[in-house]
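Protein chains: 6
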Amino acid sequence: MSTSSFTPKAAHQLHASVSHPTLRDWLQDGTSIHPSNLVYPIFIVDGEGQKQEIPSLPQQYRWSVDRLGELLEPLVQLGLKAVLLFGVPQNAIKDERGTAADDVLGPVCQGVKYIRTNYPSVLVICDVCLCAYTSHGHCCIFDERHEMDNQKSIDRLAEVAFSYAQAGAQIVAPSDMMDGRIGAIKTRLLSNGYAHVSVMSYAIKFASCFYGPFRDAAKSAPAFGDRKTYQLPPGSRGVALRALERDIQEGADMVMIKPGMPYLDLIRDTAERTTLPVAVYQVSGEFAMLHHAAAAGSFDLKAAVMESLQGFRRAGATIIITYFTPVILEWIRS
Amino acid sequence: MSTSSFTPKAAHQLHASVSHPTLRDWLQDGTSIHPSNLVYPIFIVDGEGQKQEIPSLPQQYRWSVDRLGELLEPLVQLGLKAVLLFGVPQNAIKDERGTAADDVLGPVCQGVKYIRTNYPSVLVICDVCLCAYTSHGHCCIFDERHEMDNQKSIDRLAEVAFSYAQAGAQIVAPSDMMDGRIGAIKTRLLSNGYAHVSVMSYAIKFASCFYGPFRDAAKSAPAFGDRKTYQLPPGSRGVALRALERDIQEGADMVMIKPGMPYLDLIRDTAERTTLPVAVYQVSGEFAMLHHAAAAGSFDLKAAVMESLQGFRRAGATIIITYFTPVILEWIRS
Amino acid sequence: MSTSSFTPKAAHQLHASVSHPTLRDWLQDGTSIHPSNLVYPIFIVDGEGQKQEIPSLPQQYRWSVDRLGELLEPLVQLGLKAVLLFGVPQNAIKDERGTAADDVLGPVCQGVKYIRTNYPSVLVICDVCLCAYTSHGHCCIFDERHEMDNQKSIDRLAEVAFSYAQAGAQIVAPSDMMDGRIGAIKTRLLSNGYAHVSVMSYAIKFASCFYGPFRDAAKSAPAFGDRKTYQLPPGSRGVALRALERDIQEGADMVMIKPGMPYLDLIRDTAERTTLPVAVYQVSGEFAMLHHAAAAGSFDLKAAVMESLQGFRRAGATIIITYFTPVILEWIRS
Amino acid sequence: MSTSSFTPKAAHQLHASVSHPTLRDWLQDGTSIHPSNLVYPIFIVDGEGQKQEIPSLPQQYRWSVDRLGELLEPLVQLGLKAVLLFGVPQNAIKDERGTAADDVLGPVCQGVKYIRTNYPSVLVICDVCLCAYTSHGHCCIFDERHEMDNQKSIDRLAEVAFSYAQAGAQIVAPSDMMDGRIGAIKTRLLSNGYAHVSVMSYAIKFASCFYGPFRDAAKSAPAFGDRKTYQLPPGSRGVALRALERDIQEGADMVMIKPGMPYLDLIRDTAERTTLPVAVYQVSGEFAMLHHAAAAGSFDLKAAVMESLQGFRRAGATIIITYFTPVILEWIRS
Amino acid sequence: MSTSSFTPKAAHQLHASVSHPTLRDWLQDGTSIHPSNLVYPIFIVDGEGQKQEIPSLPQQYRWSVDRLGELLEPLVQLGLKAVLLFGVPQNAIKDERGTAADDVLGPVCQGVKYIRTNYPSVLVICDVCLCAYTSHGHCCIFDERHEMDNQKSIDRLAEVAFSYAQAGAQIVAPSDMMDGRIGAIKTRLLSNGYAHVSVMSYAIKFASCFYGPFRDAAKSAPAFGDRKTYQLPPGSRGVALRALERDIQEGADMVMIKPGMPYLDLIRDTAERTTLPVAVYQVSGEFAMLHHAAAAGSFDLKAAVMESLQGFRRAGATIIITYFTPVILEWIRS
Amino acid sequence: MSTSSFTPKAAHQLHASVSHPTLRDWLQDGTSIHPSNLVYPIFIVDGEGQKQEIPSLPQQYRWSVDRLGELLEPLVQLGLKAVLLFGVPQNAIKDERGTAADDVLGPVCQGVKYIRTNYPSVLVICDVCLCAYTSHGHCCIFDERHEMDNQKSIDRLAEVAFSYAQAGAQIVAPSDMMDGRIGAIKTRLLSNGYAHVSVMSYAIKFASCFYGPFRDAAKSAPAFGDRKTYQLPPGSRGVALRALERDIQEGADMVMIKPGMPYLDLIRDTAERTTLPVAVYQVSGEFAMLHHAAAAGSFDLKAAVMESLQGFRRAGATIIITYFTPVILEWIRS
Ligand SMILES: [Zn+2]
Ligand SMILES: [Zn+2]
Ligand SMILES: [Zn+2]
Ligand SMILES: [Zn+2]
Ligand SMILES: [Zn+2]
Ligand SMILES: [Zn+2]
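Residue numbers (the numbering used here), protein chains in the order written: chain A, 1 to 334; chain B, 335 to 668; chain C, 669 to 1002; chain D, 1003 to 1336; chain E, 1337 to 1670; chain F, 1671 to 2004.
None of these hints come from the bench; they were simulated from the model. Worth double-checking, as some hints may not be accurate.
[What the hints assert, rightly or not] Dumping the calculated DSS-like pairs for lysine-lysine here, alpha-carbon to alpha-carbon at most 27 Å: (1) F:1764 to E:1638; (2) A:94 to A:152; (3) B:486 to B:385; (4) E:1449 to E:1387; (5) D:1053 to D:1096; (6) F:1972 to E:1555; (7) B:553 to A:302; (8) C:970 to C:820; (9) D:1221 to C:970; (10) A:152 to A:219; (11) E:1488 to E:1387; (12) F:1783 to F:1889; (13) D:1053 to C:887; (14) B:636 to A:219; (15) E:1387 to E:1430; (16) D:1053 to D:1154.
[Claimed, not checked] Pairwise CB distance ranges (calculated): (17) E:1454 to A:195: 45 to 51 Å; (18) B:408 to A:222: 35 to 41 Å; (19) C:772 to A:216: 43 to 49 Å; (20) A:222 to C:781: 39 to 45 Å.
[As the list claims (entries may be wrong)] So, partial list: chain E residues that the calculated Cβ filter (under 8 Å) puts toward chain A: (21) 1574; (22) 1577; (23) 1578.
Ideal Cβ placement from N, Cα and C applies to all residues, glycine included.
Using the sequences provided together with the hints, build the complete structure.
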C-alpha cells in the first residue's frame, strides 16, 4: 500500500487568525442578536381582564387591552423595540367581508392606541388580514359564484390597513397573499397623506403545515377548504421569487419570509435580490418543534433557539418575529 | 378619504398559466422525491442477533450484520438505492488512535461485504471517523501535549477510508472535519488504484446542538471537551464557504451540508458554487423535532416531513440522508 | 532539459465517480429530451386537400385543415404534446391592417378548432403576427406618413390574439416585436375573462439572416424594406436583455429566444434572469444548415440534431420548437 | 369585448436614443471584428511544393513549408495577426508515442521557424497533440493493458510543446484533453526558462459530431474506438466548467471553447468565470454548415458568417479561430 | 528553523504572456480613453462678451453665448464630441418656480441653438434643474407649508426639459433628485413627439461635500437649508441602487453616478445592473483635489488625472464628464 | 403641448419609512466607523529621541522607539486598536538583499517588542518589504543578470516576515508584490510553529502615482527604474483579480486593496469574491489630496475624510489603514 502523505495547503488550514480580540472583531460580522432585531407577536382579544392560555403555544397568552401593561412593562425594561399585533375577536360578529376587522373600538385599533400612548418607544406593527373576522374564515372576499374576488379583497384590505394607520400603527403588515394588495394599500396610504406609514409585506408566505398552533391561538382555521389557492406551494422557488419581486415593485418597505427555518434558503435568495430590510417569521410550528424536542430531552432549548436565530441572521434577515422574544431578551441581557 | 382603486399588473397576477398538464410540466422542476434521492443511515453493532432500540431515535435500531437482511429486504423492495453505514463497536477495545475502526472483522467492513454480496443494487457509503473507536471519543488523534495532531489524524483517516474501500464501499464519507482529510483520502485511494471509489465530504458540518440523539445512537459523545474546535461555528457563513471550497479543491466527489433544515441557506449557497452533487443530512435533532411535535399534535408527520424534503430539493440538494427513509419510500410508492 | 514531472491534483481528475448507476443519476441533470420538450411548427393553408411541398424546407409541408389528421395521427401516437400554428393564407385578401388574420373561417381559427376537437391532448399555440396578412408584408400597421404606428399595431395584434384565444388556442405567441404587444395582449385577455390563456413571447428575436427558408414556407417576405427597425441587431446583448425584461414585466408566461444555435448565449442569459419557462426556436436556417451539411457528408444528421437539442437544454431551455420534431419523436422512442 | 388600450411605459420603448453617432458609439460596445481578433488555422504537410485541396473543406489547402509564403503574403497585407499550425505528416513514421510530432525537421517545427523568420509580426500558435503522429490515431499513449496512460501522455505532450517553444512558437495549444496536461506543459516551460511562452488551453472541448471535415484535413481519425473517453459529453455543463476551472488553476494563459456556435452558452459561462482572454474555435462542421447552406441558397454567406462572428464576440470571446479568416479580412477591410 | 522553500504554481506567475503586441491586444480590453468617452461641462452666462474666471475652478470660465466659439473651435479640432451645458443667469429675475430656466432667450436655449448651428457634430446635453433660477436656490418648488412639492416640481422640470429639447438639445440631464422626474420628462417628451431626445439621469447623486467649487461656478448654493433631503446619504448603497432601478424603470436612456472617484464602487454596481450606457461626473471637488495636490508637488497632474480616468473605465463607465476635458484631448492626441 | 402628468409609483417614492429610530436601525447596516475598523501606520526610525517632521505628510512624523509612548499613549486612550509599522533605517547599512530588514536590534523588531510590552491591547502589524533596506531601493533581490530573482526574493521575504513574527508581530503584511510571497511566508510560519500569526496580503496593489508622499516618509524611492514590473497596471481589473485569487489560494488571512479611493471598485469586487476580512490603505496621495484641497477651501476636512471612510465601508472594507487615524479617533469619540 502506498502511504504517501498529504498536507493541506496553507489556505486550507482554517483555524488560523482567531487569536486576538481585534482579529475576531474583523471576522465576526453581523450575526449577533440585538433587541432591535426582535419583534414580538401579541394576540389581543376583545373584552376585559383577559389573559388566556393558548394550549398549543405554551407560555403564550391572549391579552385584553386593559392588561397589556402587565405583559409589556417588563419587556420594555428588557429592551423590547417592536410588536406585531394580531386581533382575536371573541365577541364581534363575523360576516362575509370581515367588517369587524377595523372597528375603531375593536382590539387592534384600541391596542395600537394603548401602546402608542403608554410605550411610545415601541414600534407598532399591525398584521392585516380578514380571516379572523370573516364568517368563512378565509383571508379574502368571495364573489357570488363563491370564487375569490381578488379586486374586492384588496380594496377591503387597503381599507383595513388604512384604519390601522389612522389608529397609529407605524407599520401595516398584510398577510393575506391576494394579488396586488401591497399596491392597493400603498395607493390608499399615499393618496390620503399617510406616506410615513410603512408596509411590511408577507412577500413569501408558503402554504405550510407548520402553522397549526397559530390557528389555535388566533382562532383562524377556515370554515371550509384551505389556503392553498392563495398561499405558495412549498416546492416553488420560482413563484416565490416572483411574488417577492411583485411586492417590491408595488412598494413594500420591508419583505418577510414565512415560515422561517424550513425556508432559510429563500431568506438567502431574498437578501441577494433586494436592498430592503428582510424579515422572517419563526412560526408556531417551529416554536412547537423547538419546545417539544427540548422538553423530550433532545437538546437544550436556549442553545437550539439561539442557533435558529443565528441562522436567520446568517441567511440575511434583519428582523426576526418570534414567540421566544421574552426569553431571548433575557438571554441576551445576561 | 381617497379610495382610488389599484389593479395589479398582468405580470403580477401569479395564478395564471397552470391550466394544462403540459404547462404544469414546464413549471414544475426538480423538487419531487425519487428513491434515488434518498440515503438511509444504518447503525451496525458488532456481535450477533442484535436489533437494539435507540431511545432517543424512536423506530430506529442498531443492527448486527447477521440481521441486516431483515431490515434491508423490504426496503430494497420499496426501491432503496443507497445506505450510509455507521459502526457502533460495543465489544471492541478503544484506544488513542481508534485501531478498531478498520478491523476487517468489525461491523463496518463486515456490513459492507454483506450488503455488496446480498444486495448488489444498493450503493454502499461508509461514514469515516474515529470518534466511535477512540478511548477519548474525539474524531482525531492527539499529540503528546494533548493537542489535536492534524497530520496524524488525516493519515489515520485515510487508512480507515482505504480499508472500507477495500472492503467494497463505493463511497467513503469522512465526517471528522480535520484540515485536509479529503486530500489525504483521495491521495491514498488514487495512489493505490482505487480511483473508482468516491469521496462524499461532510464539507459544511456545523458545531450544532441538533446532534443530541445521534450521540445516543452511535454512542459517540466525547469523554472530555467538545467538538467546537474542529466543527464550524453556526454563525460563520464565511468559514463554511471556505471549508466547502477547500474540500472541492482537494477532490471531493459530492459535498454534504449538515444539519439540514437549520442550514438550508448553505445548501442554496453550495448549489450556486459547485456543479458537484449536493447532499444534505437531516440530523437526529431534526428527526426528533418533527417526531415530537407531530406526536404533540402540532402538525401531521407526513405533511411536515415531505415539506422538509421539498425544502432540501428546492434549496438545491440532490441527495438526502434521512432516518425517515423507510416511511418515505412507502409514502412515495403509494 | 528539466523533466520534472507534474501530476494533476485529485480534484482535477475528472473521470472519477461515474462507475455506478446511482452515481450517474446524481451527475446527470435535465438535458435529456422528452416529448413534452418539443413543439412542432405547422403551416396551415386555406383551401382543401392541400399538402404542399416547401422547396426550401425539405420534408416539411403546408397543410389544409381537412388533411391535418394525416399529419397529426402518427405524431400523437409518438407522443406529440404541442404544436405551433402558422397561417399561410393563399386565397384571402391582404390589406393594410391584416384583416384576414383573425377570420374565424381562416386557416388558423379553423385549425385550432380542429385540433382541440380531435386531439384534445395536444397543446395548441398560435403564432400571432400580421405579416402574412398585410398587403405590405410587414408585421405592423403604418400611419399616414408611412411610419410604423406602434399603438395601432399592438391594438390590432391584441385583437388577433384574442380571436385565436376565442377559437381555443391555449397559448398565443406574438412574433412581431412591436413595443408593448405583450402588455396589450395580456390586457385584452385579462379584461375579457381569458386569464387562463398564456402568452409565449418571442422576447429575444434577432434580425437574423437565418430566417430565409421560413419566408418561403410562410410566404412572408416584406414587399419593401426589411424588419431591422423592429427586430434586434445581432450584436446587441444589452438591448436583447432589455426586451426580455420588458416582456416579463408586461406579463409573458413563457419567453422565447429566436434563432436558437446562433444565440445560445442568450438562452443561458435568459435562464439566469427569469424563472419563467424558456423556449427556443430552431429556425429554418438552422434546419437548412444541419440538413445540407449532413447531405454533403459533413456529419451524421441524427448525431448533429441531437447534439443541437442537448445544447438548448444545457443552455437552459425547456421548450424546443423545431421542424425536426417528427424524426426526433421517432429517435427518442427507440 | 373590452378594448381598453395599453401603452408601453417609457423604459420599454426601446427604439429611442440611437439617433446620433456619438449615442451609437456609447451603445455599441466590443462586438466589432478587428484583425487582432482572428486566428487562421493552417495545415502543414511535410514534403515540398505541396498545395493540396481538402475535399471536405472547400477553399482550404494543406501546404508544405516552402509554399507557405504564397498563402501568407496576401493575408499579412490584409492584416493577419496570428496563425494556428497543424502538422499533417504524410511521410513520417507513426508509432505508439507519436515520435514524429516534435521532429525538428518536421512540418510544425520547420513551419514555425519559417514564419517567425519571414513574417515576424505574425503570432505563431502551435496545436499540440499526438493523434496525427500515433499509429493508433489517438491523442494519448496507451499502457500495456491498452488503457490510456494519463501520466505518460501528459509527459509526452509536455515534451512536444517544449519542442515547439524551442522552435519559436509563442503560444502552444494542447488539444488532447488529458487530465493535467496544462500543468505538465507549464511546469516544463517554467523549469526550462521558457516562462515567456503562453499556453492556450482547449479547456472546453466537446466530443462533438461537428469535427468531421477536420479529420479529413488533418488525417486524424482514430484507428479504433473514439475520443468520447477524454473529450467532454455535449450535455455536461458541469464537467465542462470543472475542466475550465482545472486548466485555469494549472496555469493556462488563454482558454478555448470548441466547437463554437453549438456551445455559445459555454462562452458566456466562461467569460463570466475568468479574466483570461477567451478563444473560440469555429470548427470544420460549422464551416461546412455555413458553406453548404449558403451554396443551397438558404442565406447569404457573408451575412451568416458575420452574424456568427458577432455571436462569438457578444458571448464574450476575444479570439476567434476560423477557416473563414481570409475572406473576413477582405470583408472588414472594405 | 525550517527553511523549506515554496514555489508559486504556474497559474500564479502573473508576468507571463505579455511579450507580444497581439497578446497585449488580447489582454487589454476597454479601458483606453477616446474623445467619444469625454463630455465637457460648460457654464453659460447671459449677457455679452463674457469670459469670467471662476476662482475655485482654476482654468475654467463662465462664457456668454457670443464668445462660445473661442472655447469650442480649438476643442472641436481636438475631437470634442459632447458638451454638458449649465446656465448661470446673472441678470434674470429669480422666483419661486424658476421661471427663467426655460426662457427661450436665456443662456441655455440660446447656447443650444448656437452650438447646434455652428458645431453640428457636437452632441448637446443640457443639465436640467431649477436651483440656478429659483429665489430660494433649491432644486424644487415648495408648497404653501414650505415643504417640497414633489408633483409640482417634476411637472415644472418636465416643462424645462421639454423647452431645451425644443431648442435642440439631443439629451436632457435632470440633476434635481425629485422622485419621478425621469418619468415626468419622458412622458412629456413622448407625448409631444420628441421620442428621439434622450434622458441622461443623474441616477445616483450623493449629498456629497465634494461639490463645493461647483456652487461657486454655477452660483447655486441654496439660500437656506441644504439638499440632504433629496440627495442620497453617502453610506446608503441600498437606497442608491433603488434610485438607479427607479430611473431605469422610468425610462432613462443613460445613467450617471456623481461624484466619481469617491463612489467608484457604485459605478461597478451600476455596470453590473444595467445594459444602459453608464456615465460618471468627475466633480469640482475631485478637480480641486487633483489640482491642488499636484500643485503642492504630491504627484504629477497628468499621471493622476489619467489614472483617475482609467479607474472610471475599469469600473464600468463609458461616458466621463470632466473639467479636464480640454487637456485630456491634448494628452490623448499626442 | 400635451401636459399629461406623471406620478411616480409607490416603490419609487424613496423618502418613506425613515420616521422611527427602529426603522432607521433596520435600514442602516454596517457603514459606521468604530475604532476596531482603524489601523494607524507608524514610521519608526533607528536612533534615539527622534520625532522627525515629514514635509510631504503634514502632521505625520517619524519616531524612534524610545519616543513611541508619546505618540501611542493618547491614541490608546482614544481607543486605538491596531498599528502598521514601517521601518525607516537611517543608520543601517543597505545592501543587495536588505540584510538590515530583520536586524533584531533594528527599528521594526524593537518597535514590535516595545508595543507588545507596553500596549498589550494593541494589535501589531508589520509591513514586510525590502525596499527600505536594499542598496538599490527595490522590493526584491536581483540575479547576476540584474533581473528580478523571484525565488530568492520570496525566500528572503519569508525570512524577514518570520523574524517579525518571532519579535512578536501578530500580523505580517508583505507589500512587495513578488509572485508567491504569501505562500512562502505562510510555509515558513506553519513549518516553524507560528500558525497563530496572520498574513495580511497587499493583494491588489497598483503601480499608482498616488504614492508620492510616502516615498518621502519612508525614504523608499528606488535608485533606478520603477516598480511597474511588479505592481499592477491601473487599468487591469483582470490581472488584479487574479492576484487577489492567488493570494487567497496561497493562504492570506486578510486581503488589502491599495490605494483606496481611486480603486473603490476593486474593494467591491473583492468583497464579492472572498469571505476574508477586506482591508484598504488610504495612501499618502489621498491624504495629500484631502489635506491640500481642504486647505484651499474646496471643502471641509472632517466632512470629506468621513465621507471617504464611509465609502470604504460601503464598498465592503472592514479594515481601514489611514494617516488620519488620530483625528478620526477624536471625531468619533465626540
Ligand atoms: Zn388571513
Ligand atoms: Zn467523529
Ligand atoms: Zn411578422
Ligand atoms: Zn488529438
Ligand atoms: Zn439643482
Ligand atoms: Zn517595497
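Inset, instruction - Determine which of the earlier numbered hints do not hold for this structure and return their numbers in increasing order. - result: 1, 3, 8, 11, 13, 16 and 19
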